[in-house]
Every structure is written in C-alpha cells, then in structure tokens.
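Engineer: Line by line, the protein sequences are chains L and F. Residues -3 to 525 in the numbering used here are what the first sequence spells out, letter by letter. Residues -3 to 525 in the numbering used here are what the second sequence spells out, letter by letter.
One or more hints might be untrue.
Because identical chains cannot be distinguished in the list, a pair is counted as satisfied if it fits within a single copy or across any two copies.
Restricting the straight-line Cα-Cα distance to at most 27 Å, the calculated cross-link-like pairs of lysine-lysine (BS3-like) are [as the list claims (entries may be wrong)]: (1) Lys368 with Lys465; (2) Lys53 with Lys171; (3) Lys64 with Lys31; (4) Lys308 with Lys53; (5) Lys171 with Lys46.
Treat the hints as calculated values from the structure; they're not laboratory data. Since the structure is predicted, the reported quantities are computational estimates derived from the model, not experimental observations.
Number of protein chains: 2
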Amino acid sequence: MANAKQVSGKLEWRINVPDGTSNVIVPESDQLVNKAWLWLKGLLCGLVLKIWRFLYKAWNLGVAEPKKVIHGVKVGLSLLLVSFFYYMRPLYEGVGGNAMWAVMTVVVVFESTVGATLCKCINRATGTFLAGSLALGVQWIANKSGETFEPIIIGISVFLLASATTFSRFIPSVKTRFDYGAMIFILTFSLVTVSGYRVDRLFELAYQRLSTVAIGTSLCIFITMVFCPIWAGSGLHDLIVCNLEKLADSLDGCVGECFKDNKTKFGTEEGPSKRMQGYKCVLNSKATEEVMANFARWEPAHGRFNFRHPWKQYLKIGASMRNCAYCIEALNSCINSEIQAPDYLKKHLSDVCMLLSTNSSEVLKELVIIMKTLTKSSKIELLIGEMNFAVQKLQDSLNSVPNSFIGPTVSTLQAPNEANRETIPKTAIPSLMDVFPMASLVYLLIQIAARIEGIADAVDQLAGLAEFKLAKDENSKQKKPTNKSTSDKQDHEAMKTSPKPIVDPLIFSKWNSFFPVEEVVSDLEGTRT
Amino acid sequence: MANAKQVSGKLEWRINVPDGTSNVIVPESDQLVNKAWLWLKGLLCGLVLKIWRFLYKAWNLGVAEPKKVIHGVKVGLSLLLVSFFYYMRPLYEGVGGNAMWAVMTVVVVFESTVGATLCKCINRATGTFLAGSLALGVQWIANKSGETFEPIIIGISVFLLASATTFSRFIPSVKTRFDYGAMIFILTFSLVTVSGYRVDRLFELAYQRLSTVAIGTSLCIFITMVFCPIWAGSGLHDLIVCNLEKLADSLDGCVGECFKDNKTKFGTEEGPSKRMQGYKCVLNSKATEEVMANFARWEPAHGRFNFRHPWKQYLKIGASMRNCAYCIEALNSCINSEIQAPDYLKKHLSDVCMLLSTNSSEVLKELVIIMKTLTKSSKIELLIGEMNFAVQKLQDSLNSVPNSFIGPTVSTLQAPNEANRETIPKTAIPSLMDVFPMASLVYLLIQIAARIEGIADAVDQLAGLAEFKLAKDENSKQKKPTNKSTSDKQDHEAMKTSPKPIVDPLIFSKWNSFFPVEEVVSDLEGTRT
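Taking the hints into account, I'd like the entire structure generated from these sequences.
Structural biologist: Here it is in structure tokens:
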C-alpha cells in the first residue's frame, strides 16, 4: 500500500491509509534535528517551570512565615561577621589558620530557635572540651609506652570510645539531650588523638580548636538572641494555644454540621470546611511538640516565661488534647455518614446536644484564655460545672426517649396512653438500628466532654507548676459587669448542687467514672520512654 | 536549762530536755567534717547509682536491639580504618594534612541505616562539589575586580548565598531530601571563598577537600553495606507488619475483654494487658514511618525489595492503620467504662460481636501474611466478604433487638405477646441510656471493620505497585488441605450472593456508604505537604 516518488531530489514516502488521508514522512536527518529541538525546548521549558514553581513555593512560604526569612538573614549575617576573622589581619594572626573552625561552628550550630542553638552550642563546647582533655590523656599514655605500642593504644582507644559513644546515642536520655554532644565528642577525640600522632603541636591544636569553637558559639548565641529571637518555648506555647482553638472550632463545626437543616447541608457538601478539620493538626503535632519542649528546656527566661517553666507539662496537655481529638475524629466520621438518625429523634436531642457541645467548646475557649493570659481563671470551674450539667441533661433526655419514641415501656404498656402514641410517626417503626448513629454521636459527645475535663486538669496542673496568678477582678467585672468573682463562685456552688434533685446522683457519679480519662492520658504518656 | 562542764579539755554542751534524755552536742569542727563526709558519701553513692542505672539501661537496650550495638562497632571500625591514613606514611603523604576531613566525614556521615548513610553521603558529595565549583567561580571574579572590591564581593556573596540556602532548608521538598546537602553547601562555599582570600593554594584546597570527602564517604558506604547492613526499607516493612499484628491483637483483646465472664474480669483488672495496648504504638509511629520511608528511597535493591519499591505506599498503609487505631482507642475506653450493658443485651449481641471482631482480626492477620510473604493472597477477598457478612449479621441482630428487649414495638403493642415479655428481666426497665455503651461498642466495631477494609485497599494498592505475585497453590493447600484456591473463590462468590435474601440489600449499601474511609485516609494524607 506504500509507494515512493522522487520530489525535487528528495525521497518522499507516502502511505495510503484506507480513509484517504496521506502522511508525509520527512527525511530522517531533518526529523532528528526537529526531535532534538523539541526535546531541548521541552527540557528547558520544564526546567524553567520547575524553578519557577520552586521559587513561587519559596515566596509563599516566606510571606506566610517571615520568621524563616529572618532566620536565613541571621545565618548570613553571622557568617559575614565570622569571615571578618579572615579579612582582618590582626584577628587572623590571633587565631591562626584554624579560623575555619569558627566558620564551621557557625554553619553547623546555628539553628532556627534559640533553644536549639543553645543546645547545640553547649553540646559542642562540652563535647569538644571533654573529648579534648581525654584525648590528651590517652596521647600522653600512648607516648610513654613506646613507639610500637603508640598506634595500637590509640587505635584501640578510638575504636572502643567511638563504638561505645555511638551506641550511647541510642539511649533515650542521651538521644533527647546530648545526641549532638556525643557526635562532637567522637569527632574531637578522633581528630586530636589521631592527628596527635603526626602533629607535634598537640596542645596548640586543642587550644586553637577550643578557642575557635568558643568564638563561633558565642557569636551564634549573641546573634540568635539579640536579633529577632525565635524562642522554642514561645513557639510551643503558641502551638498548644492554637491547637486548643482548633479543637474548639472542630467541635463546634462538627456538631453544628450535624444538627443544621438538611436543606443547607447539600449546599456545603462539596468539601468539608477547613474549620472542621482543625483536629487533624492536633492529631499530627506530637513530634513537633516533643522537639520544641526538648529545646525549650535550654532557653533562659524570655517574655513571660521563666527559666524553669514547666515545658514538660505542655506535653501532657498535648497528649490529653490528642486524646480528645481521637474522639472528634470518630465523631466526624459519624457525622459524615449517610445514614441519618430519624428526624423526630434528632429534634428531641438536638437542643441538649448543641448545649453540650457549646458548653464543651466554651471550656476549651476559656482554657485558651487561661493559656494566653497565663492567669488562673475564676470562671473555668463554673464552665466545667455547666458542661457536666449539660451531660446530665443529655442523659435525662436519653432516659425520656424510650417513653415517647422507641416504644412504650413496660409501665406504659400496662396502661397504654393513646394520646402519647400519636406523636410517633407512623412510617418510622423505630429499631435499635435507627437509633444507632445518634447513640454513637451522643456517646462520643459525652466522651469528648470527659476528655476536655482531662485537658482542663492538665492545664490546671500547669497553672499550679508555673504559678499562674489569679486574673484581676477588673477583668471579670468587664466581662460580667453585674457579677463579682465571689458571686461567680456562688453560682458555681449552686450549679453543683441544684441538679441533684433533678437527676439521680448515682447516675451522675456513674457517668463520671464512665470515662477513665486520666488513666488513658497517663497510659499515653507511659508509651513515651 | 543548759549547763557547761569541762571534760578532758573539751567543752561539752548538755541540754536537759524535760523527758530526761540528754543530747550531747559535738563540737562544730567535727560536725562539719561529719557533714562533709556524709554529703560526699551521698554524692558518690548517687553518682555510682546513676552510672549503674545508666549502664543497666544501656545493657538492656543492647540485649533488646543488638543491631544498635553492631552499628556502634561499625562506626568504631570505620574510624579505625580511616585513622590508618595517619599511621601509614605513604597514605598520609598522599592526602596531606587534610586527612582529618576524612575522619570528620566518617563521624558525621555514618548513620544507623544504609539509606540514611547513603542520603548523607550523596548530599555531602554533591553539596561539596557544587559549592566548591561555585566558590572557585566567585573567587575568580573577585580576584579580577581588584583588591578593594575583593572582600566586598566575597562578603556579599557569602551573605546572600548563606541566607538563601538557609531559607531553602525550610521548603518541604528540600527539607526531606536535601537538608544536609544544603548545610554542606553553605559550609563548603564559606570555607573555600573565605579561606581563598588567604590561602593561595585554592585549587589544591578544593581538590583535597573533595578527595578526602570521597575517601570518607566511600569507606562509610562500604562498611555500612557489607557488614550486617541495617536497611531502612526492611525496617519500615517490618514496622508496618508488626503494627498490623498489634492492631489485630488489640482488637481481639478489647472485644474478648468485653464479652468474657464478669467473674474473671476482676482478676485481671489490676493492669490492662500489654497485648491490648498495642494500638498505641500504631498511633505514635507516624514520625518514624516518615523518616524511614524517606531514607528507604535512597537504598539500592536489597533482600526482596527492588530499587524503586513503592515506599511511599507504606505511608498510606500507615495512615489507614492509624485511622483504624483511633477507633480502637475509642473502643478501648468504651470497654474500660464501668457502666456495663444489661446482661441480656450483652448475651444477645455477644456472638455476633465476637464473630465480627474475629473476622476483622483475621483480615488483619491475612494482611500480615501478604506483607510478610510479599505475595497476593487468594483468601483476602473471601475474608473481607466474611467480615462484611458479619457486619450484616450484626445489623440483623440489632434489628431484632427492639422486638424482644427494648420494649414491644407498635405491632406487638396491638397484640401483646405475654410469652415474649417473660424473657425481659423484671428488674431492668430498659431505656436508651442502658443500651448506650453497647450501641457505641457495636458502632465502633462496624466502623473498625470499614476502616480495616481501607487498610486492605492500601495493601492491595501496594501489591499492585510492587507487582506481588500470587501465592503458590501449594501454600494454600498446606493451610487448607480440603479446599483448593478455586473452591475458595467459589466460596467467596457464594458468600457475596447468599446473604442478599437474608438482609435488605439497601441497608447493606447504606452501611457501606456509612463510613467514607477512603475520604478520611486521603484527607489525612492531605494534611501532609
């Protein structure tokens, strides 16, 4: 089906395809050039696009978190300062050719937070000093034992110390605090003992290394603490506060989503709102919290935090928040389910569920205020009391459900009340199956309330450890001009006692012991060594 | 009441206390010595105890994970080898005094897994090479522009490059893969440009640095891959397999705990069994998984894994497992609660709940086998079918609950069946409140089954991506000597079709769409940038 003809000295292949169109085949050499050109163009365009995207991402990151840009500028500045040691002849001659150790120290030690930088500086200085002195001792012993034994002693000591120290870096207590120091210890020990065999000016080497490390570290500490310091402690504090806010938002969003009208539901179904998804940040922030708490311990007093601020307690708050977020996760999937509870049941429980979720998120919001202002709140106990009262109310509604909806109980069976039965929709024959999603939702809501109390306990412990002061009376006056904080307390006492006649106190205490939150939290902590 | 008397030249104070005993006060100097001695003894004892505890911990760690000891020995060995450059005169003269760069490279680059070591080696080599060439270029330009401008040009270039590169380390794509390379880039660039101003043998410096880095990295790669290699990929694989087993154990343990006799319960209540707590490891393993998957990408083919094994898919499996673990966490707290469902309800649902949990954990155990053998399983679909069948059975039981227990429905009300009512215990007037913990438990069990299907999907995707082969027929014959895999499939088909007449298919599809597991998983993934 293919024929060839001579056109202006070039061989052209024409293939007759059944449908009548014809493809002209260009000679191979032209084709190759064309292909290469296309390939090169594609490659270049792709490269430019990739670089452009990278720069765009970087720009966005810089705009979103200017602190990161500032950190970059700070590192540049420190390196510029340290390189003056080279440019200025007197300084250069003071430290000798080893000024490069100072450059290296700055590059390696400068971290984005003050705590991390301090941790590395102290580790580096200590590791260098300890290893240097130990190496000098070993070197002295090796020197005394003759030329044959010298390399053997040094070799064995390097092997043993390096092995043992490397292994020790796996031990949790070393790993969290002295990991970098252990590495520097091995490094310095090997360098000093091994070069000691050649370089005769051993003391000088050790001294120069120590002094240049000192110059580098002090420069780093100075720059990181003076120019726009970024504190790991403040970061951790802000993270916890932000996560508390997100939890409150998620809870509000989830329950609101569940009990709003069905008509509006379909309008917003295209994507779950970002506000509701906040709890996922809480689920994923464990590693960040641990790193930050670890570095925060090295930081001096800054802002409103003392030197020995109980940063470890923040981890406990974080653990109890994650504990609560697990439940919100389950609640979220429960709400996203397509099986909806029967409308009459929904209506019956809507108000009490909304009340409980509102009260729960109000406790969270009060905790946010406590954390933000670092003051004890006089309102928090009242709010927790209200939350527990809402739990009781919800239980009350549950107890009244079977009488009116699920079916008459034994007592009503003996004297059937026709008027009461009229309220049951005829189409819906209720079964446990229908009640199910609602039951899970209510269970999870009560569970969440219990776990929020766990968060409140953790925050309260923090308030005790960090000696938060009581909020000023003026503040509470501004918020509630008619009530004094003493009357608040009276309210709270009233709240504690008033529901007793309404709800069986036994049920209340049963429900309170229903959720062993503290156990769970301490268990979660227990998995961390 | 105090009198003094002279006894053999020393002044002794005697205080007469009303009850007649007398305290002899030793002179102050003796007291101080005593105190100091006690203090010193306490200090020494404390120190010895601390060291002893540390060693004990280290010993335990070494026994539990001998890989970590091996890693320590490997680092010691590499350092010993690299120090030969110093001991052997010809080698020393070949590399010059810069042999210490090789020592430093070994200490800094040698990580516990092959992937991490390779990642650091490649980063270090590339960073050094790129920065070295760029620095030479800048140095050349600076040299050409005269003595006044030279330090200015170098200073500005160091400042700009260091700032930009430091900032780029925050960009996620750089951070996960090239973080170390970026640091080495800054380090080398600063060292070469800044020392270029003084050291006239610039090319030599760059060459020596490159060659010593090459010696160090190749030695590290050789040792880490030849002597007992520890692969990040295998580690990640084992972690996922182990977590799957733990999930299955937790599920079995939780549900077993719930439905076992009350009498035996009190015997084991002093501490939750370790087996049940396995899901907590799953909750906390996100960070580890991410680090390992990141390093596994750098590793060559090893064991049963190819070079481009889909390690990223393991993160998805991990995410879906965590998703399931959230539910088990809620289930666990539900079971630990003190409110127990009424016994008749428990009995009614016990069998179906146990069946569902057994089937669910069998799916998990089959997934473990799939992962362990890296083969596709012919049984997994059958098992998932059985699990879904159990879900239907449970729903069935739920639908039958209200007729017999909760209270007569409208239909039975019209013709009260006295015989049926006899089965209701007279003492327990059932309400939604009583049904609650049971309802939540059942809900969570069904939710867990749905999420286990999510895990199975993720594993199935892995099987597709990594091209797992079908398990040999011999294997399935050995396990089930009476059934062939073909008959298994037939069974599965039967399982798929048979329940349809029993259960309303609409309800089934409703329940299947009840739990949008995949959405949740992809959402979870979405929070990772």
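Engineer: Look at each hint and say if it fits the structure.
Structural biologist: Hint check:
With identical chains, the CA atoms of Lys368 and Lys465 are at most 27 Å apart within one copy only, with a shortest distance of 13 Å there and 57 Å across copies. Proximity of Lys53 to Lys171 under the C-alpha cut-off of 27 Å is restricted to the inter-copy arrangement: shortest distance 13 Å between copies versus 33 Å within a copy. In this assembly of identical chains, the alpha carbons of Lys64 and Lys31 never lie at most 27 Å apart, being 44 Å within a copy and 54 Å across copies at closest. When the C-alpha separation of Lys308 and Lys53 is checked against a cutoff of 27 Å, the pair qualifies only between copies, where the shortest distance is 22 Å, while the shortest distance within a copy is 34 Å.
In this homomeric assembly, Lys171 and Lys46 come within 27 Å of each other (Cα to Cα) only across copies, at 17 Å, whereas the closest approach inside a single copy is 38 Å.
Checked against the numbered hints given earlier, this structure breaks only hint 3.
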